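Asker: Here is what each chain is made of, one letter per residue.
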Amino acid sequence: MTDITNILIVGVGGQGTILASRVLAGAVQMTGQDVKVSEIHGMAQRGGSVVTQVRYGKEVASPIIPEGEADIILAFEKLEALRWLPYLKKDGSILINDQRIDPMPVVVGAAQYPSDVLDIIKKERKEVFIINGLEKAVEAGNAKAVNVVLLGLLARCLKIDKQTWLDVIRETVPSKLLEVNLKAFEEGWNSFDR
Amino acid sequence: MKKLLTGNEAIARGAWEAGVVVCTAYPGTPSTEITENAAKYDEMYAEWSPNEKVALEVGLGAAIAGGRALVSMKHVGVNVAADPLFTLSYTGVNGGLVLVSADDPGMHSSQNEQDNRHFGRAAKIPVLEPANSQEAKDFTKLAFDISEMFDTPVMLRTTTRVAHSQSLVELADREEKGIKEYQKNPSKYVMIPANARHRHVVVEDRLIKLKNYAESTDLNRVEWNDTKIGVITSGVTYQYVKEILPEVSILKLGMTFPLPQKMIMDFADKVDQLYIVEELEPFIEEYVRSWGLDVHGKDTFPLIGELLPETIAAKMVQTLGDCSPRETAEPDQLQYEVPPRPPVLCPGCPHRGLFYVLNKLKVTVAGDIGCYTLGCLAPLKAIDTTICMGASIGTAIGMEKARGKDFARSLVAVIGDSTFIHSGITALVDVVYNKATTTTIILDNRITAMTGHQHNPTTGFTVKGEPTKEIDLVLLAKAVGVERVRVVDPFELEGLEKIVGEELAAEEPSVIITQRNCALIDKSRNNPYSVSPGACTGCLRCLKLGCPCIAKEGKKVRINLAQCVGCGLCATVCPSEAMRKEGSAND
Ligand code: SF4
Ligand code: SF4
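Protein sequence lines correspond, in order, to chains A and B. According to our numbering, the first sequence is numbered sequentially starting from 333. According to our numbering, the second sequence is numbered sequentially starting from 307.
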């Protein structure tokens, strides 16, 4: 089962992680591979910590990724990147949207938001890529398109050709938002360099 | 054609392909999307029923009349539907009937973790457990055939991971089954004791036939491999075992009640060591032990919570060194504190103002199930109890009866509009009838919000989006016999506080309806608020609202402009008028 690619998309309920995972799964499907996606709904959608797991390859049995086996984590928020870091392989890559959203225990002063989240992550893993997704989304024309910016960034790390991504976005996104989302995808795609 | 579907979408598709004509449900995670998707097919009637008991009753009516019916609910919903279910097992069906029970190991969004295979056994009906979306679709179709073949309702049990995981599914066309002939048959369908006694014999007889079926159906199958270890498993756990223990032999049970005893004994015979890997209860294990077999089950794997692949690997290695599970990663022990991120009421949520007031008044609050349950968390901390759908009003009556009328002067029951219709209304009848003086607050946000915004009898629309008659909660409460009924806007904090005070003081039943659209369906987007740093004195009173857009910054606060929906509640509670509306949403 070593030919399986494991991707974890994490964030805060309401950030649009689900759309990102749907597009990713759609793109994989177009390449003819087996794919499984697992997401948790309900309570977690109300601003809680959310995680979607996408696994693909020749044949995938379990829909969930064992701890320590994710090849890539795409994090929509910094603290969530840290929370799910143990799921990332030692040599895996983590793509982080440089945004801070305080969880309620921090807001009410019952807990602290670690000030050095990105430093901690950089100490733990070598492949860390940080992006200001909000800024890029605004550049693309809508602050809400952060999820597609991040998707563009993720796409750059996978072996699926660009046209496939664009086709799936066309199918998934409502037509009046399409243009902004295509731009947002480009923003993400182009901001990858290392 | 192959399509990526969640287990829930696949079940809806399976029902359509199986020629189902009626789909009923009450929304509940992780089952909700079955009905949402079923409603998209024109060939099937679909409804959100007021509760699961009604959903099953409508389904059984359709089935007895000769049509195929799909009834879906979450695990705890089956508790509500249990009453008709146990007798439906006696009458049997005519057109097929499948009851989906979506269980939630790990309690991702549930108040308990019950294993509904027990219900199948107790009601004496077959239980099928799909392991992925393809099986979810195939088993649904097969379940209808089994239902008609054996004249029984069939339970299709899924778990969160099956319901909400997406995998590829081969689609097929719909097979029109038409409506079977209906014949009046009181000895089968009228369960007076004289008839029911005969039917119980039929049920036991059917169970024997089902046991034979279990031995020969493709639902149960063996995958031979190394015979040192044999694993019996079902549902999504099968997928974990397959991935983590590629070298063991597996008996995969697609039908977990009744069990194929002979098949299991044969399998046990051929392997050196027998393991039963099942999530939650030792359901299969107890049977297997009762047949005198020696197995590892709950002595090795946890009884509580979701069973994860890495747990299976770790536990197998602990008990048995040489089972060669696929190598799994050594988990990282992070040395850092990561603050939890519990769910919160959304920005602009209409419930926030009410809980702020209830917290301020320090009243005891009997709570219920819905978004508003989140009012129990800091900083609002305004809920004392949450038991099950519809329990709040009855709980409040009991508290009053135990502690007296004075206690009721600082006691309220809170319940959502959908929950009130689900099963709160009968308890409100009890308030009036048994002379309690309880104050009931119906949090009417015009939708069933928690499960993802489904319609209910108070919204004026059906699951297919057709307009329908809308229940008037004021008239309903009055009809039940409550004389004091008041409607308020939960954003008008002053008025709200005054009304709550007055109704608490009144020594008679009262109902307060707080009415305001759920923030996620409210179309009137306002400009966000921001904090004028000069005016903010750092009293932090606004933080008591628990609005996720307001955070402390230094000694003062700031508002996250991207998230704020401009509900203005923070401005209402700020004593220094530091919160002001922005000129435009974009600055
Ligand atoms: S979904 Fe609606 S009711 Fe639920 S927390 Fe959000 S705003 Fe409130
Ligand atoms: S106006 Fe105030 S209370 Fe309302 S959403 Fe914005 S910050 Fe929160």
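Simulated from the structure, these hints should not be mistaken for laboratory data. Just so we're clear, the structure is a prediction, and the values are computed from it rather than from any experiment. Glycine is no exception: its CB is placed at the ideal position from the N, C-alpha and C atoms. Check before you lean on any hint, since a few could be wrong.
Estimated spans, in silico, between C-beta atoms of each pair [as the list claims (entries may be wrong)]:
#1 Arg886/B with Ala475/A: 40 to 46 Å
#2 His506/B with Glu391/A: 43 to 49 Å
#3 Glu503/A with Gly484/B: 34 to 40 Å
#4 Asp499/A with Cys682/B: 41 to 47 Å
#5 Ala502/B with Arg502/A: 42 to 48 Å
#6 Phe524/A with Ile827/B: 53 to 59 Å
#7 Leu498/A with Glu633/B: 35 to 41 Å
#8 Arg502/A with Lys775/B: 29 to 35 Å
#9 Asp524/B with Asp451/A: 39 to 45 Å
#10 Leu498/A with Lys804/B: 35 to 41 Å
#11 Lys862/B with Glu391/A: 29 to 35 Å
#12 Gly389/A with Thr843/B: 44 to 50 Å
#13 Asn464/A with Cys682/B: 52 to 58 Å
#14 Ala475/A with Lys741/B: 54 to 60 Å
Asker: Confirm or reject each hint.
Answerer: Status of the hints after comparison with the structure:
Judged by the Cβ atoms, the range 40 to 46 Å given for Arg886/B and Ala475/A is violated: they are separated by roughly 21 Å. The hinted window of 43 to 49 Å between His506/B and Glu391/A holds, with their beta carbons roughly 47 Å apart. The given range of 34 to 40 Å is respected by Glu503/A and Gly484/B, whose C-beta atoms sit roughly 36 Å from each other. A C-beta distance of roughly 46 Å is found between Asp499/A and Cys682/B, which places it inside the suggested range of 41 to 47 Å.
Range check, Ala502/B to Arg502/A: about 59 Å between beta-carbon atoms, so the 42 to 48 Å window is missed. Our hint of 53 to 59 Å for Phe524/A and Ile827/B is violated, since their Cβ atoms are close to 37 Å apart. Taking the beta carbon of each, Leu498/A and Glu633/B are about 38 Å apart, inside 35 to 41 Å as hinted. The supplied range of 29 to 35 Å is broken by Arg502/A and Lys775/B, whose beta-carbon atoms lie about 41 Å from each other.
Checking the proposed 39 to 45 Å range against Asp524/B and Asp451/A shows it is violated: the Cβ atoms sit about 56 Å from each other. The hinted window of 35 to 41 Å between Leu498/A and Lys804/B is violated, with their beta carbons roughly 58 Å apart. Evaluation of the 29 to 35 Å hint for Lys862/B and Glu391/A yields a failure: the beta carbon distance comes to about 56 Å. In this structure the hint that Gly389/A and Thr843/B lie 44 to 50 Å apart at CB is violated, the actual value being about 58 Å.
In this structure the supplied range 52 to 58 Å is violated for Asn464/A paired with Cys682/B, their Cβ-Cβ distance being about 36 Å. The given range of 54 to 60 Å is respected by Ala475/A and Lys741/B, whose C-beta atoms sit roughly 56 Å from each other.
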